[in-house]
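K.L.:
Keeping the supplied structure of chain A fixed, place chain B upon it in accordance with the hints.
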Amino acid sequence: MSKNRVSRRQFLSYSLMGVGGFMISGTLMPMLRFAVDPVLQKSGIGDFTPTPQKVDELTDTPVRVDYTIKDRKDAWYESDVSYTAWVYKDGDAIIALSPVCKHLGCTVNWGSEGHPNEFFCPCHAGRYTKNGANVKGTPPIGPLDEYEVMVKDGLLYLGGTKPNTLV
Amino acid sequence: MLNKIYDWVDERLDITPIWRDIADHEVPEHVNPAHHFSAFIYCFGGLTFFITVIQILSGMFLTMYYTPDIENAWKSVYYLQNEVAFGEIVRGMHHWGASLVIVMMFLHTLRVFFTGSYKKPRELNWIVGVLIFVTMLGLGFTGYLLPWDMKALFATKVGIEIAGSVPFIGEQIKILLAGDSEILGAQTLTRFFAIHVFFLPAALLGLLAAHFVFIRRQGISGPL
Chain A
12 MSKNRVSRRQ FLSYSLMGVG GFMISGTLMP MLRFAVDPVL QKSGIGDFTP TPQKVDELTD
72 TPVRVDYTIK DRKDAWYESD VSYTAWVYKD GDAIIALSPV CKHLGCTVNW GSEGHPNEFF
132 CPCHAGRYTK NGANVKGTPP IGPLDEYEVM VKDGLLYLGG TKPNTLV
Chain B
50 MLNKIYDWVD ERLDITPIWR DIADHEVPEH VNPAHHFSAF IYCFGGLTFF ITVIQILSGM
110 FLTMYYTPDI ENAWKSVYYL QNEVAFGEIV RGMHHWGASL VIVMMFLHTL RVFFTGSYKK
170 PRELNWIVGV LIFVTMLGLG FTGYLLPWDM KALFATKVGI EIAGSVPFIG EQIKILLAGD
230 SEILGAQTLT RFFAIHVFFL PAALLGLLAA HFVFIRRQGI SGPL
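Each protein sequence line maps, in turn, to chains A and B.
Counting the first sequence from 1 gives a position; our numbering is that position plus 11.
Counting the second sequence from 1 gives a position; our numbering is that position plus 49.
Pulled out of the complex, with its shape left as it was, chain A reads as follows:
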């Protein structure tokens, strides 16, 4: 028998706290895990999607390429969703930039009025150079994302986005 005997009162208190803690965590744990499930899902870099853009026709000037991901899965909802990329050739490499502004997620345009030879975001006048680098002193805090690029049968295929590798 150790010197520090557990009194009846302490024993009851520990038991109740243990059982209570078990019941509370047993109730809360499933709900919390349920709520954070999307955070723990792997962000699957999507498969490559064909675009209507012929690779031969690309030049060193960015062109707007609109394409559609068929049956994109959004939880229980599947639909065709259109995407946009700005694509140009840098030597032999094909560069496809995401049009999503890194300031607040508006959509940037190449060569809009008053802003030749740069990407311009109309929301807060964010500017990017051709390779997607954000112009210092404008709102964006990083360069435009790049799409994964693949060429098949002379057509451009685009995959998921990745951080800009050119800047």
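To be clear, the hints were calculated from the coordinates, so they are not data collected in a lab.
Wrong hints could be hidden among the right ones.
As the list claims (entries may be wrong) - Calculated Cβ distances over 10 Å to all of chain A for the following chain B residues:
| no. | residue |
| --- | --- |
| 1 | L51 |
| 2 | D56 |
| 3 | I103 |
| 4 | E120 |
| 5 | A134 |
| 6 | T158 |
| 7 | Y193 |
| 8 | F203 |
| 9 | K206 |
| 10 | I211 |
| 11 | S230 |
What the hints assert, rightly or not - Straight line, CA to CA, 27 Å or less: simulated BS3-like cross-link-like pairs of lysine-lysine:
| no. | chain 1 | residue 1 | chain 2 | residue 2 |
| --- | --- | --- | --- | --- |
| 12 | A | K53 | A | K100 |
| 13 | B | K223 | A | K173 |
| 14 | A | K147 | B | K168 |
| 15 | B | K200 | A | K84 |
We put the beta carbon where it would ideally sit given N, CA and C, even for glycine.
P.N.:
This is chain B only, laid out in the frame that chain A set:
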């Protein structure tokens, strides 16, 4: 008749002290606009609560028609506004009340600030008030998405990007709000609905209760 019912209940449950304690208290002269008209600045807190009650009631009724699903959300809002009797009024109450409650809350904050009412011993109530402010802004942000029109969608895209700019855990917060790492869609809408209709109102009611208990314990701050 009503008196008899009241007496019958009071005899058994002794409810008089309860409502006396809640309702029967003095309003100091310096906060009563009947004495000094300038005391109307003390009304903004009560007006905030009054509009909050309207928001809760109109919101409860809106959910009788509203459907938090990307196929039907916009249609259900269109239907309840244009086809249902008084739909324009009920949605209007919720729509305009949402802006007005922020305005009233801001004026209340200014009043508390400029009368110095946040000072000892009322610091805790200021903190609770700031939490109420944040909760209200959260309610405004999550409610804005629910009609699922273009304005709502893009405002939420921008809002989620702002949430994503939090250092270190921004990406996690972003996904937790949107329900998906890439898509702002079906799961975002259901999440925002749940947050708007259950989580934040629950938090708000708890905070309001604390706010009111504090003010009853400490009393209204003295005249300037």
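K.L.:
Run the structure past the numbered hints and jot down the numbers of the failing ones, going up.
P.N.:
Those not satisfied are hints 4, 8, 9, 10, 11, 12 and 14.
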